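Chains as they are written, first to last, in this note's numbering: chain A, 64 to 332; chain B, 64 to 332; chain C, 64 to 332; chain D, 64 to 332.
Hints listed in this document are in silico derivations from the structure and should not be mistaken for laboratory results.
Wrong hints could be hidden among the right ones.
Identical chains blur together in the list; that is why a pair holds if it fits in one copy or across any two.
Derived pair list, reagent style DMTMM-like, types lysine to aspartate or glutamate, alpha-carbon separation capped at 25 Å [said to hold, decoys possible]:
1) Lys243 to Asp270
2) Lys208 to Asp234
3) Lys208 to Asp227
4) Lys243 to Asp158
5) Lys299 to Asp236
6) Lys299 to Asp241
7) Lys250 to Asp234
8) Lys299 to Asp234
9) Lys250 to Asp134
On a predicted model such as this, the values are computed, not experimentally measured, just so you know.
Protein chains: 4
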Amino acid sequence: MSRWKIGTIVMVCAVLCGAIALSAARPAAQGSASLANDPKLVEDLVYANRILFAQSVLDGFGHVSVRSDKDPSHFLMSRSMAPALVTSSDIMEYDRNGEPVDARGRNSYVERYIHAAIYRLRPDVKAVVHSHSPDIIPYSVTGTKLLPIYHVSAFLRLGAPIFDTHDDFGDTDMLIRDNKLGDGLAKVLGNSGVALIRGHGFVAVADSTPIVVYRAIYTQINARVQIDAGRLGTIKVLTPGEAAKAQAIVEATVGRPWELWKSQVGKIE
Amino acid sequence: MSRWKIGTIVMVCAVLCGAIALSAARPAAQGSASLANDPKLVEDLVYANRILFAQSVLDGFGHVSVRSDKDPSHFLMSRSMAPALVTSSDIMEYDRNGEPVDARGRNSYVERYIHAAIYRLRPDVKAVVHSHSPDIIPYSVTGTKLLPIYHVSAFLRLGAPIFDTHDDFGDTDMLIRDNKLGDGLAKVLGNSGVALIRGHGFVAVADSTPIVVYRAIYTQINARVQIDAGRLGTIKVLTPGEAAKAQAIVEATVGRPWELWKSQVGKIE
Amino acid sequence: MSRWKIGTIVMVCAVLCGAIALSAARPAAQGSASLANDPKLVEDLVYANRILFAQSVLDGFGHVSVRSDKDPSHFLMSRSMAPALVTSSDIMEYDRNGEPVDARGRNSYVERYIHAAIYRLRPDVKAVVHSHSPDIIPYSVTGTKLLPIYHVSAFLRLGAPIFDTHDDFGDTDMLIRDNKLGDGLAKVLGNSGVALIRGHGFVAVADSTPIVVYRAIYTQINARVQIDAGRLGTIKVLTPGEAAKAQAIVEATVGRPWELWKSQVGKIE
Amino acid sequence: MSRWKIGTIVMVCAVLCGAIALSAARPAAQGSASLANDPKLVEDLVYANRILFAQSVLDGFGHVSVRSDKDPSHFLMSRSMAPALVTSSDIMEYDRNGEPVDARGRNSYVERYIHAAIYRLRPDVKAVVHSHSPDIIPYSVTGTKLLPIYHVSAFLRLGAPIFDTHDDFGDTDMLIRDNKLGDGLAKVLGNSGVALIRGHGFVAVADSTPIVVYRAIYTQINARVQIDAGRLGTIKVLTPGEAAKAQAIVEATVGRPWELWKSQVGKIE
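One chain only, chain A, in its complex shape (with noise of 0.2 Å):
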């Protein structure tokens, strides 16, 4: 044999060798439950999560999920994990009680009955955030109400009231941890876009993956401007009329931050 022609053949075993590498490194191929459900869907969940995690909304706890567009009844969400290192191999679906349809030996988030109670109770809801933000808390344990500061948290409007597990669970380990503690906290969100769990954190929704994002991200932003309102004076809050329509328009243009969201998390899997 020439030596040209060896050495095209240890050339074409290389890249061969390398291909094969480049195979091993990328994840498995998706379960069932992501290849049921739009792209698009499973997409923006793994978008939410780092961003969520990016804009200190979530830290090594907290999780995101979305209503499945397959099945109304169920929800997608990461394995339990740190939402940081959320990948699109880590998303697993639920059924209406929570309970994951395919798992495959990955271990759930103790609390997906937050997510799966807001998803029964509420029709409307298409997104949850459960999040452990230090803004919050202050909130929770005082029971302080968060008010619409300001035009970009105006969808506080519709309230943020204030779940408390020991009032009807007395002393737990403060978890949403079954589908009874779950309807408690969807009882009290009632038709609100936030809840607080007092000494723990709170729950946003919305009828969407970017307006869910954002309404946890402004959520913690409008605690912070609150508090330091509180030391200058009396605040004058949006009008019922003004955070009808502020509400209105800035999710309509939620697309703006998205997108930059998206852009500072970069490339994911």
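Place chains B, C and D on chain A using the hints.
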């Protein structure tokens, strides 16, 4: 062909290939608006967008504009997008009423009327920033006057009046979405360098891009300093004489932070 | 020699040179202390140093140690240096009195007696963090009790007593520089998970490295939350029953943030 | 000529071209000022500039100087530019009156008289920092005394007097722009390690570059700690005996944070 000629040809080819690659990486030929204006003006406007985001004055919302140098009744501003992502090909030209000269399908900021109205009323103003700064909102919703606490924010001596859309317009969606609202804001701004918009944010104006960026950044810093000082005791603010002199000298040295901020943003398009 | 043989020899030499270079870059064969201990224990200790710096609990000062698994009367800690820069070859072994087993010219932290004393008095403790956190100092100098405000800091139910060197030792240089001072601190710590040192900082203790890092981080976060909550109204803290249950479940899930923190630190030596 | 010889010649040419390019990129031979001074002194001064920016003590404004080791009546400081961008070729030498020895067209900081006056009045001082820290301004405009709250800021025991230009100079532009103002500041500084300038910022002084950088950073941190502590209750500050001992031991260990800060800045020119 001699070996040296072969070598020269190879090197020349390499240089040509590099140049072609660099050209391919350059942004597409810029639209007619920016070609008609001083490229440095457009470049500084792109820097202003990026700097204001990097310095946390703008987030996914907010905008900055400059008065056109070709037609002083016109102004330049990015199309509707997050400031962090603005490039020179996003810059559009607006007429004295805030309408785009050559939209070519690009969306404009709803609140371009903030800029249009100020340019109409204030011939001295060459640049305008609009921000939703969470550090400023508390002042706007409690009617607290921002004061020139220290020399770098001496420009606040010109005042920081608060425009409340509710006074003359009742329940709106809070946005400055037409020239009537813009005129209302510009009238309240008067001859100040800064005006607050209740439950919304603030505007900063100046006769150059570096100075308007500087004023936006230091208005935000002064707001935090003033809240902290208020916690310690009675504040001794700059006297009118001190403030006038300090503003002049500090704004004469704006090149120093401006070069730093540009270097932190890095390469732009 | 044929061209192909020359090429092959050149490639083999390059690979060998690379391997030699990589070997040279590896830390020198680790000292006898870390070879005698479980490499995972040492690796987690290095991670703990880096994580605590990345999470702003430690700065140029402060330290973290683990009880030796080979000899439970000994403990492991870095030589005297900034935690951010610690590698496995910096880890030294100390005896029950806090003296280095095999110094080999390396300097030890002056305050190693904090760790020695706690390991002597608390057989349950396997890891100790000492920090100068600016968020904790205000509590230490005003005698304010840190309380378990929310579920992630439920471990504060064990108490956060304040050790004041001045009480028994008068005017010192504030450092825990010998076993007498160490014993004084350990005695005040009692069975708590955290103790404050007046005008100096705090210590956190736990029965594993991930949990002690977790406790140090969330003690600092709880401190900020408690100050903010105090500004809003009367705080409803976790009940003893809630706190006991919450601490158990949250600390059982410490793997989730621990993996995130390690991934943020990246590769260590 | 054989193909291998041609290849070797091409590679050697490439290496030579690279070396020539690198040499061209190196800063021009440094001016006579820094060549006359200990290169380590100049290097540490460049590090100080970068560190103080990285640690948020300096922004686009502010400066740091060191007393010349060749002529103790002279001092070294960067030309007028943002500290974040300073390199060794920007360092200039000033005489006892604050005038540049060899300007060569380079601009000097207007406020070099802060440094000149302090070096004249305080033979023990070898390094000076001037900062506009927003955390310090509240103390300067309310006449609040900065106190040594904890051991790492024990040097505040030496006092933190407040210089108010208005007292003796009436309405100025707030800058220390001549030796009269500089002397006024130095007189108020007295034997302290820190002095505040009302509505302007502060200065820190020390007998070495690492210690002055340390003092500037921890004065700023202490300011935040003191405000937070004041919110919780009555502050127990360090006793004079504690503070004297703590300052000595902490400043003896300044190498630990200094090495960390340098490593975070990375390579400098």
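Open item on the list: My question is about Lys208 and Asp227: at a cut-off of 25 Å on alpha-carbon distance, are they close within one copy, between copies, both, or neither?
Closed with: both (14 Å within a copy, 24 Å between copies)
- [ ] Could you figure out if Lys243 and Asp158 sit no more than 25 Å apart (CA to CA) within one copy, between two copies, both or neither?
- [x] within (16 Å within a copy, 53 Å between copies)
Open item on the list: With identical chains, the pair Lys299 and Asp234 could be close in the same copy or across copies; at 25 Å between alpha carbons, which is it: within, between, both, or neither?
Closed with: Between copies, since 14 Å is at most 25 Å while 38 Å is not.
TODO: Please work out whether the CA atoms of Lys243 and Asp270 approach to 25 Å or closer within one copy, between two copies, in both situations, or in neither?
DONE: So Lys243 and Asp270 pass the 25 Å test inside one copy only (24 Å; across, 34 Å).
Open item on the list: For Lys208 and Asp234, with the copy left unspecified, which applies at a CA distance of at most 25 Å: within, between, both, or neither?
Closed with: Both: 24 Å inside a chain and 23 Å across chains, each within 25 Å.
Task: Intra/inter-copy verdict for Lys250 and Asp134 if alpha-carbon distance must be at most 25 Å - done: Within one copy only: 23 Å inside a chain, 55 Å across chains, cut-off 25 Å.
Task: Intra- versus inter-copy proximity for Asp236 and Lys299 (alpha-carbon distance at most 25 Å) - done: Classified as between: cross-chain Cα gap 16 Å, same-chain 38 Å, threshold 25 Å.
- [ ] Have a look at Lys299 and Asp241 and pick one of within, between, both or neither, based on CA distance no larger than 25 Å.
- [x] between (40 Å within a copy, 24 Å between copies)
Open item on the list: One pair to classify: Lys250 and Asp234, alpha carbons no more than 25 Å apart. Within, between, both, or neither?
Closed with: Intra 20 Å, inter 31 Å, cutoff 25 Å: intra-copy only.
The structure shown violates none of the earlier numbered hints.
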